[in-house]
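Chemist: With chain R held as given, fit chain Y onto it using these hints.
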Amino acid sequence: MGERVLVAMSGGVDSSVAAGLLVKQGFDVVGATMKLFCHDEDLPDRPCCSLDSVNDARRVCQQLGIPHYVLNLESAFGRDVVRDFVDEYARGRTPIPCVRCNTFTKFRDLVRKADAIDARWIATGHYARVVDGVLRRGLDPAKDQSYFLWGIRGTILSRMLLPVGEQTKAETRAMAHELGLELIAEKTESQDICFVPDGDHTKVIARQLGGDAPALSRGAFVRRDGSVVGQHEGFARFTIGQRRGLPGGFAEPMYVVEIRPTTREVVIGPHEELAGRGVVAREVNWLVPPLQAGDELEVQIRHRARPVRGTLVRSEADEIEIALADGASAITPGQSLVFYRGDVVLGGGVIEAARRELPILAA
Amino acid sequence: MPDPVYLDHAATTPVRAEVFDAMQPFFGPRFGNPSSVHRWGREARTALDEAHERVARCLGASADEVVFTSCGTEADNLAVLGIWRARRAEGRRAVVTTPIEHKAVLAAVHEVTREGGDERLLAMTRDGLVDDSSFDKLVTEDVAICSVMWINNEIGAMQRVPDLAERAKARGVVFHTDAVQAFGKVHIDARSQKFDLLSLSGHKIGAPKGIGALYVRRGTPLEPLMFGGTQDRGRRPGTENVAMAVGLARAAELAVAEREHEWKKLEALRDRLERGLLEKLPDAVIHGRGAPRAPHITNISVPGTDSESLLMALDLRGIGCSAGSACQSGSVTPSHVLSAIGVPAELAGSAIRLSLGCLSTEACVDRVLDVFPMLVEKARRLQTA
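Chains as they are written, first to last, in our numbering: chain R, 2 to 364; chain Y, 36 to 420.
No wet-lab data here; the hints were simulated from the structure.
One thing to keep in mind: the hints can contain errors.
[Claimed, not checked] Simulated restraints on C-beta separations:
| hint | chain 1 | residue 1 | chain 2 | residue 2 | range |
| --- | --- | --- | --- | --- | --- |
| 1 | R | Arg154 | Y | Pro37 | 32 to 38 Å |
| 2 | Y | Thr419 | R | Ala306 | 38 to 44 Å |
| 3 | Y | Glu53 | R | Arg60 | 31 to 37 Å |
| 4 | Y | Asp171 | R | Arg60 | 47 to 53 Å |
| 5 | R | Arg283 | Y | Thr419 | 27 to 33 Å |
| 6 | Y | Met409 | R | Asp193 | 41 to 47 Å |
| 7 | Y | Ser374 | R | Gly181 | 39 to 45 Å |
| 8 | R | Gly181 | Y | Thr419 | 41 to 47 Å |
| 9 | Y | Asp153 | R | Arg60 | 41 to 47 Å |
| 10 | R | Arg60 | Y | Gly254 | 46 to 52 Å |
| 11 | R | Gly231 | Y | Ser374 | 50 to 56 Å |
Note that the structure is predicted; figures quoted are calculated from it, not measured.
Every residue gets a Cβ at the ideal spot worked out from N, C-alpha and C, and that includes glycine.
Bound-form chain R, shown alone (with noise of 0.2 Å):
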């Protein structure tokens, strides 16, 4: 029998191959689906902390012949992603769950359980890749998963089996088939954040703060000279760069620009209002020796967007400042900043703020 993996089991179609893969390898593969919250009674149809999943995947180990097993991680989950996904709206900001779920969850209370059965390796069905202890961007572009990963400890990478980052979904789907997984092959993918039902993320804010919170209550919508232009429901119901639900009567398209929680305010304006020349990042995360100030990088300021360049200006104990050469459109406080150089992911951290002016070097 080879070295032992523990892989994340999520029941879906990556997380499935993945292990498929690596019992095709020759490891001893041993199967794990984390329990990270209850529905209660949101969801009627889904008695218990996504059932159904749980199953699937439960269906995957049996025909792989492996074991399975579910891990409460409940109470460390609600701590460290859900409650800080409530806070970041709380705080006018759109966090990114799935990252902090990364860092705290699968590449650290996991690979606790992991340490705990002896697995020298920890398996994701993330399409990334590890190659040399290096995070590298999957190889399928239209899949690449590496901009949630940049928060894990450096140390983790030397442990990591990322199987799928090194195809494509389609050649993932067609190896389900050819694995006899015919029972997860061709399931839908879920956009949706997991814990969040019905993809309404107000619900989930309005469970932990009450329905009364101020960031679901009434506001005004504001122009950047600070006139009132109409009233909102709550300023968590939008994201910088948003267009939706936003009131009409201008003579161009407009955006949300920015969110002021501690007055209520959502600011909308036309789209050269969204521009920025810098940003500013916290709790910054290296996986490579970090960069030093005056040093050049690609930034990509949120999953899907295409890197920009960027010279670091500023590098100081958890907070850095980044002048981005072409400048890019709707910045977005908590959403990740992700470093990268080709396609090695050196690091990231969660975005503060946008510079509308382009930051200077300090000398």
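Modeler: Okay, now just chain Y, sitting in the frame of chain R:
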């Protein structure tokens, strides 16, 4: 890897060869429906009538006092809901139970509250026994039924059921005991003991999954849960599962015959196990150890570990045991039993239940004594790392 070690007999047991043999004709030539008037029916009816008598004999009861059910859960539900629904008109609208019952009782009691009843939970001592003064306070004239499990399935705590039953009866309260873990372990005799209803389950004693029984003392008012034919006097309609009833009867007879010998054997193994574990893990806590308890269950918490990881690690080394109660998804959730007896959440989160039975030998115990402390050491190293 050495042979796997099964230490989860409180979850289920293998079907005994004698039981399997006893059932076999009913999957073949003796397939009749006991309600039929012809020879095939008569053959099946004979076996079923005998099964009633045989189980009854094991309980010190009469044949008509035994109702076969599909499992222990159904027996518990039938007892709690059947009695409450039959007695609510008398003005007895309360139901008393313990917070350490199996979910089969607890969930049935919750259902009673949805139907307008009143749920009362007894206070427990830290060793998992019913608190006497709480019993006197809660079991009053307005109570329809009081249900107290004889042996707890997680910690093995053994209640003084005959005494509690007597005290309940004195107040006109129907007394039910879930004896799923107790049958074959303790002396049960409906003639000398005053319980009105008693649940048992086949697969805990070497019969298959899918058969249980409820003892119902003559004259006890009981509403059925299902409606249909007149089988078992209408208390449990549906064509009887003759083969499994026969299997349960055989298993029950064997369990009763072997009871005292089995107790001694399991107690010796349990003591060996606990002594060994405490020697190697002096800070381990064995729950419910200070009170009378069953010989086959050890529930142990080791600070600095977590049940989930230990269970996995034990399983991957071929040792099968359990922790808490499994939720629908199969994940480990904190035990309601441990929290009810005041075990701090952190300690409860490391609890492992090892339950002995027919497959247990000294070699099994020694294997656990090798592996378990080693895994604990490892878990602690990782935690401090």
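Chemist: Let me make sure I understand: some of the numbered hints might not hold for this structure. Which ones are they, in numerical order?
Modeler: Violated hints: none at all, because every hint is consistent with the structure.
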